[in-house]
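Each chain, letter by letter, is given below.
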Amino acid sequence: MTALVEVTGARVRFGEVVALDGVSLTVAAGECLGLVGHNGAGKSTLVNVLNGGLAPTEGAVRASGHDGDWSIAAARAIGLRSVFQELSLCPNLTVAENARLMHRSLSGRGWRRRAGDVARAALDMVFPGHRIEPRMQVGSLSIAERQMVEIAMAFADAGIAPRLVILDEPTSSLDAGLAEQLLAHVRRFVAGGGAVILITHILGEILSTATRIVVMKDGRIAAERPAQAFTHATLVDAMGSPAGDQDRSRRTAQTGAAVLSLPAGARGGGDFTVRKGEVVGLAGLAGHGQTRMLHALHDLKTPQWWPARDPQVAFVAGDRRVNGTFDVWSILRNISIGTLSDLSRRGWIDRRAEAARGREWQSRIAIRTPDLNLPILSLSGGNQQKALFARALSSRAPVVLMDDPMRGVDVGTKQEVYAMIRAEAKVGRTFVWYSTEMDEITLCDRVYVFRDGVIVAELEGDAITEANVLSASFAGAA
Amino acid sequence: MSISRKPWLWSFVAALVVFVITIAATAGASTGGVMQAALTFAAISIIVGTGQMFVITLGPGNIDLAVPATMTLAATLALKYMDGVAVLIVPGLLIALGIGVAIGVLNYALIKLLRIPPIIATLAMSFVIQSTAIATNRGLRIKPPQMLADFTTGSLLGLPNLAWVALLVTVAAWLLLNRTVYGRWVPAIGQSIAAARMAGVPVDGVRLATYVLCAVLAAIAGYLMASFSGGAALDMGKEYLLMSIAVVVIGGSSVAGGDSNVPGIWGASLFMYLVVTMLNTYGLQSGARQIFTGIIIITVILVASGRRRAS
Numbered sequence: 068m069t070a071l072v073e074v075t076g077a078r079v080r081f082g083e084v085v086a087l088d089g090v091s092l093t094v095a096a097g098e099c100l101g102l103v104g105h106n107g108a109g110k111s112t113l114v115n116v117l118n119g120g121l122a123p124t125e126g127a128v129r130a131s132g133h134d135g136d137w138s139i140a141a142a143r144a145i146g147l148r149s150v151f152q153e154l155s156l157c158p159n160l161t162v163a164e165n166a167r168l169m170h171r172s173l174s175g176r177g178w179r180r181r182a183g184d185v186a187r188a189a190l191d192m193v194f195p196g197h198r199i200e201p202r203m204q205v206g207s208l209s210i211a212e213r214q215m216v217e218i219a220m221a222f223a224d225a226g227i228a229p230r231l232v233i234l235d236e237p238t239s240s241l242d243a244g245l246a247e248q249l250l251a252h253v254r255r256f257v258a259g260g261g262a263v264i265l266i267t268h269i270l271g272e273i274l275s276t277a278t279r280i281v282v283m284k285d286g287r288i289a290a291e292r293p294a295q296a297f298t299h300a301t302l303v304d305a306m307g308s309p310a311g312d313q314d315r316s317r318r319t320a321q322t323g324a325a326v327l328s329l330p331a332g333a334r335g336g337g338d339f340t341v342r343k344g345e346v347v348g349l350a351g352l353a354g355h356g357q358t359r360m361l362h363a364l365h366d367l368k369t370p371q372w373w374p375a376r377d378p379q380v381a382f383v384a385g386d387r388r389v390n391g392t393f394d395v396w397s398i399l400r401n402i403s404i405g406t407l408s409d410l411s412r413r414g415w416i417d418r419r420a421e422a423a424r425g426r427e428w429q430s431r432i433a434i435r436t437p438d439l440n441l442p443i444l445s446l447s448g449g450n451q452q453k454a455l456f457a458r459a460l461s462s463r464a465p466v467v468l469m470d471d472p473m474r475g476v477d478v479g480t481k482q483e484v485y486a487m488i489r490a491e492a493k494v495g496r497t498f499v500w501y502s503t504e505m506d507e508i509t510l511c512d513r514v515y516v517f518r519d520g521v522i523v524a525e526l527e528g529d530a531i532t533e534a535n536v537l538s539a540s541f542a543g544a545a
Numbered sequence: 016m017s018i019s020r021k022p023w024l025w026s027f028v029a030a031l032v033v034f035v036i037t038i039a040a041t042a043g044a045s046t047g048g049v050m051q052a053a054l055t056f057a058a059i060s061i062i063v064g065t066g067q068m069f070v071i072t073l074g075p076g077n078i079d080l081a082v083p084a085t086m087t088l089a090a091t092l093a094l095k096y097m098d099g100v101a102v103l104i105v106p107g108l109l110i111a112l113g114i115g116v117a118i119g120v121l122n123y124a125l126i127k128l129l130r131i132p133p134i135i136a137t138l139a140m141s142f143v144i145q146s147t148a149i150a151t152n153r154g155l156r157i158k159p160p161q162m163l164a165d166f167t168t169g170s171l172l173g174l175p176n177l178a179w180v181a182l183l184v185t186v187a188a189w190l191l192l193n194r195t196v197y198g199r200w201v202p203a204i205g206q207s208i209a210a211a212r213m214a215g216v217p218v219d220g221v222r223l224a225t226y227v228l229c230a231v232l233a234a235i236a237g238y239l240m241a242s243f244s245g246g247a248a249l250d251m252g253k254e255y256l257l258m259s260i261a262v263v264v265i266g267g268s269s270v271a272g273g274d275s276n277v278p279g280i281w282g283a284s285l286f287m288y289l290v291v292t293m294l295n296t297y298g299l300q301s302g303a304r305q306i307f308t309g310i311i312i313i314t315v316i317l318v319a320s321g322r323r324r325a326s
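So the sequence lines, in the order shown, correspond to chains A and B. Its first residue numbered 68, the first sequence is counted upward by one per residue in this note's numbering. Its first residue numbered 16, the second sequence is counted upward by one per residue in this note's numbering.
Just so you know, the hints here were simulated from the structure itself, not pulled from any lab data. The structure displayed is predicted, hence computed values, not measured ones. There could be a bad hint or two in this list.
[What the hints assert, rightly or not] Beyond 12 Å from chain A on every Cβ pair, some chain B residues (computed):
#1 F34
#2 A210
#3 V221
#4 E254
[Stated by the list, open to error] Here are the simulated distance ranges between beta carbons:
#5 A:R413 to B:W179: 36 to 44 Å
#6 A:R418 to B:V35: 33 to 41 Å
#7 B:Y96 to A:D438: 37 to 45 Å
#8 A:R489 to B:L182: 51 to 59 Å
Heads up, the beta-carbon is just placed ideally off N, CA and C, and yes, glycines get one too.
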């Protein structure tokens with residue numbers, strides 16, 4: 068095995084925050100390196116140092132077959148590709164045009180056709196059976212399909228063959244079937260002499276796919292061992308968070324009053340009802356109408372012309388750049404925007420109450436920042452997501468709608484949020500929770516399974532199992 | 016807080032530079048006069064620009080092109096109603112305000128019900144409004160009540176009365192933007208209309224209120240300007256189309272919306288007027304003057320956007 072890229076003593080600071088604190092790492096051909104750690108542990112920063120996007124304050128990056136300064140261009144030239152947690156395709160262009168942007172060699176006459184061929188071949192290779200056409204506009208694709216395109220493009224060979232592919236939370240929007248296709252491809256790619264760095268919060272994926280696992284904590288490497296030396300439990304231990312037994316006790320007898328209901332639409336399928344204090348899951352393959360249902364429920368209960376005296380629903384975004392964060396604003400303003408009616412009198416904002424509410428939720432949900440007045444974008448992705456949780460949970464709304472909100476959130480935080488959801492449900496708050504992760508679906512009291520935009524099954528209590536959800540998701544489709 | 020965090024400072028710096036150059040040309044003989052005139056004429060741009068700023072803050076695509084026509088119609092109808100009678104000054108103002116409200120509602124009705132982009136909707140509205148003004152005015156120039164004319168041309172504590180009105184408007188706008196719930200909702204919509212909707216912001220209500228606010232401020236500006244200049248003219252609002260947008264941009268508000276700046280409008284309005292005065296002082300012809308004004312606006316916007324990218 069030969070070293071492809073080597074980082075030595077990398078240190079990176081962002082203002083007050085030390086993101087990387089002396090990290091040394093070698094990536095060799097033919098290995099899949101699993102990178103795990105909490106939000107803000109430094110994983111994304113390390114990736115940016117590796118791919119040349121960020122020059123470390125101290126330390127160096129060396130690559131085989133390259134001399135001189137490390138840069139994005141140098142990284143691309145040796146075949147290093149990255150897929151980020153935040154999707155980076157241009158939504159107004161087609162799949163083929165995006166391929167052209169990523170692979171400069173696809174130039175000259177007929178580039179559109181060749182770019183289309185490259186994109187199609189890559190998609191066929193990684194996600195056989197996909198239904199994406201190269202001439203489709205990226206904006207018209209679902210978030211899962213966009214992620215598929217982005218991943219496939221990283222593995223595409225157009226002039227420069229990929230040698231090291233960095234996948235940062237690649238499966239966060241993919242359902243179980245697609246995730247397995249991707250992991251199978253990663254294993255094939257690695258077996259063929261390629262290298263992959265895999266970052267994911269789903270530990271099962273790391274354990275099943277990685278050959279070596281690096282655990283990061285507070286900007287340092289906390290543990291580094293072959294994958295076989297880890298189990299789920301020891302991995303969680305190494306990350307330094309209490310594993311916490313998942314509270315799987317759920318109440319099956321539901322007597323509460325219905326707080327929200329939506330009759331089946333013109334397209335058929337089952338009705339939708341939630342009762343007070345219930346945690347209702349929306350399951351099924353990604354992009355089969357769950358998000359649309361959440362939006363419909365939200366629009367039903369939120370006035371557009373005059374502010375509601377008592378908010379009926381709060382919303383936690385999953386695709387936070389589309390309908391979550393306000394990028395110009397501070398963290399505090401991002402949290403308080405949902406609860407301004409509680410923090411004001413006759414339309415005048417009580418800024419002291421606002422700041423106090425912000426501090427309370429910063430400690431309750433552990434948002435890692437020295438100052439809530441810093442811009443929201445100064446936070447890592449997972450911490451931005453926590454701010455969105457704080458926005459929704461701090462409201463008085465009796466119903467909280469969640470649109471796959473745990474994308475890119477670390478295990479420790481997830482457990483905290485699960486516990487918070489349980490506690491809130493016990494005192495009568497209702498949650499409608501769309502999730503692409505089976506672990507979360509099994510936490511729900513009741514689950515609606517979606518297929519092709521409609522509800523096809525309703526599972527309750529012990530009937531909520533992976534097998535039942537999958538069989539409902541796929542029934543009749545094959 | 017560093018200078019880069021206070022973009023409005025630059026518009027004042029630019030205004031000061033132009034002021035000094037102008038005064039230098041006259042060897043300091045007309046310092047007081049230039050300043051008085053600048054404050055008076057800037058006051059109108061400030062009032063109109065403040066309304067436009069709220070609309071631009073609503074995000075990409077939001078702009079009110081009906082501002083000049085609104086000024087003209089409000090002034091025409093109010094002056095016609097008052098017909099030079101002093102006791103009708105307040106009812107006349109109410110008529111101007113009512114016209115502002117009506118135009119704001121109609122603007123947003125076009126945008127919302129017919130799903131027309133604001134730039135087209137307000138432009139179409141402005142033709143309707145302007146035609147109404149022509150039909151009612153018929154080329155007559157009715158004088159404002161003497162008391163009102165005296166007020167708009169007078170001054171208090173050395174500051175023109177119009178500048179006091181503009182100050183009142185901007186202080187109110189600043190409070191509205193920085194201390195109220197509505198003031199949070201407007202930039203929230205400007206940053207991301209989808210996120211604002213999901214955060215429970217009553218998006219349609221806020222946008223309607225903002226278009227109404229802009230039209231009402233334009234109506235007030237028209238009322239004051241006609242009273243100041245001795246009567247309503249059909250082309251009185253013409254130059255305030257570009258002016259209202261330019262002062263917002265030069266004043267440091269983001270053209271992309273979501274981020275606005277009230278103090279900057281003062282600096283930018285003074286700057287815009289002083290540029291014209293400076294070019295007059297140096298004896299440029301009207302055509303050359305307009306070319307220079309255009310070049311200066313473009314330069315300021317380029318410098319401002321470059322600075323923002325760097326910070």
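Quick rundown of the hints versus the structure:
| no. | hint | result |
| --- | --- | --- |
| 1 | F34 | 32 Å, holds |
| 2 | A210 | 5 Å, violated |
| 3 | V221 | 9 Å, violated |
| 4 | E254 | 31 Å, holds |
| 5 | A:R413 to B:W179: 36 to 44 Å | 27 Å, violated |
| 6 | A:R418 to B:V35: 33 to 41 Å | 39 Å, holds |
| 7 | B:Y96 to A:D438: 37 to 45 Å | 55 Å, violated |
| 8 | A:R489 to B:L182: 51 to 59 Å | 55 Å, holds |
In this structure, the earlier hints numbered 2, 3, 5 and 7 are contradicted, and the remaining ones agree with it.
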